[in-house]
Amino acid sequence: MHFIVLGAGAIGCYVGGRLAAHGQAVTLVGRAHALQPIAAHGLRVTDLDGFDHTVPAGAPALRLAATLAEAAPGADSIVLLCVKSGATESAARELAAACAPGTPVISLQNGVDNVARIQALAPGLNVLAGMVPYNVVLRGAHVHRATAGHLQLQRDAATERIAPVFAAAGLATVLPPDIRAVQWGKLLLNLNNPVNALSNLPLRQELLDRNCRRVFAALQSEALGVMARAGITPAKVTAVSPTLLPAVLRLPNWLFTRLAKRMLQIDATARSSMWDDLEAGRVTEIDALCGAVVRLAAQQGMAAPLNARMCELLGGPRLRLGGAEMRRMLGV
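Counted from 1, the sequence shown has number 43 at position 43 by the UniProt record's numbering; the numbering is strictly sequential.
Everything labelled a hint here was simulated from the structure, so no lab data went into it. Misleading hints may appear alongside valid ones.
Said to hold, decoys possible - Derived Cβ-Cβ restraints for the label pairs, each shown as a range: (1) P56 / R139: 12 to 22 Å; (2) E70 / L121: 17 to 27 Å; (3) T243 / A75: 36 to 46 Å; (4) Q299 / A66: 37 to 47 Å; (5) A298 / T54: 41 to 51 Å; (6) D49 / R282: 27 to 37 Å; (7) T54 / M329: 41 to 51 Å; (8) A66 / S241: 42 to 52 Å; (9) M329 / M302: 17 to 27 Å.
Using N, Cα and C, we set each Cβ at its ideal position, and we do this for glycine too.
Sequences and hints are given; from them, build the entire structure.
What follows is the structure, given as structure tokens:
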């Protein structure tokens with residue numbers, strides 16, 4: 001198998017790096033500024049469980065390419081799509097132009113509608129959904145998984161072949177019966193991304209701020225109400241049921257820290273990818289997260305004012321807000 005990672009960011013470099021460290025053929029496709037440190041120093045891959053391996057620059061298992069066409073996808077290629085949701089349409093056009101019909105394309109992106117957007121522009125490809133549960137930090141040529149979890153991939157003949165390869169490379173993978181429910185379950189967790197980005201705090205520190213958690217809980221509660229109206233039952237993707245998680249988040253710190261120990265097993269420096277985007281002046285994925293809740297609400301004849309407000313806050317000038325100030329601005 002030849003794995004082509006389209007979008008050599010944090011997730012792409014971690015998944016691709018683990019595969020290359022195991023000897024699988026991997027090509028990372030990305031921009032020059034992202035690939036230059038790897039070309040110079042190799043790719044160091046670490047995780048919170050102690051894994052630490054550097055794939056040397058020039059190693060046969062790891063190639064770097066500026067475009068998908070340069071990566072030369074062939075009959076044995078599997079594309080792992082790891083671009084941000086805002087780049088989905090441009091990536092889909094690139095996929096349609098460079099890949100043969102039937103090529104498996106696995107979306108490892110945040111959000112719930114990327115597969116449909118890709119299929120609309122690249123109808124001949126075998127586009128499949130995936131869910132990445134963990135936080136990954138990329139700094140130059142070092143990528144680090146900062147939280148735990150299992151990759152979840154849409155069940156298909158292609159993913160049934162891929163899952164054992166992923167597992168052998170240290171990427172624990174499951175094929176759930178309903179990937180759509182998993183995506184909505186993950187979206188509920190991703191509603192913390194804008195809270196974390198606005199707080200300007202590391203994830204663990206932000207989750208220990210009860211005011212921040214109450215904003216996160218309010219966004220989740222609103223989203224759960226919209227999903228219920230739409231007949232969507234989100235999958236359980238953490239130790240706590242999606243319907244119970246808002247109540248757990250609202251608990252006082254002394255009790256939250258006891259009941260949510262697994263949630264707090266995060267590297268002290270880890271932050272959300274949305275924080276990274278804001279710091280770098282890039283467009284965030286707020287439209288794929290809170291925006292998806294707002295759009296689903298509109299389809300059901302409802303409003304989702306809290307998620308809509310988050311879209312406004314993340315769409316304007318860079319803000320840094322404490323948890324109490326966020327609560328005041330959202331009225332929760």
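Hints versus structure:
1. Taking the beta carbon of each, P56 and R139 are about 18 Å apart, inside 12 to 22 Å as hinted.
2. Remark: the range hint 17 to 27 Å for E70 to L121 is upheld by a beta-carbon distance near 20 Å.
3. For the pair T243 and A75, the supplied restraint of 36 to 46 Å holds, since their beta-carbon distance comes to about 45 Å.
4. Against the hinted window of 37 to 47 Å, the Cβ-Cβ separation of Q299 and A66 comes to about 39 Å, which satisfies the hint.
5. Between A298 and T54 the beta carbons are some 48 Å apart, a value that agrees with the proposed interval 41 to 51 Å.
6. In this structure the supplied range 27 to 37 Å holds for D49 paired with R282, their Cβ-Cβ distance being about 30 Å.
7. Between T54 and M329 the beta carbon distance is about 44 Å. The supplied range of 41 to 51 Å therefore holds.
8. Distance hint check for A66 and S241: the Cβ-Cβ separation is about 44 Å, which falls inside the suggested range of 42 to 52 Å.
9. Roughly 21 Å separates the CB atoms of M329 and M302, a value that falls within the hinted 17 to 27 Å.
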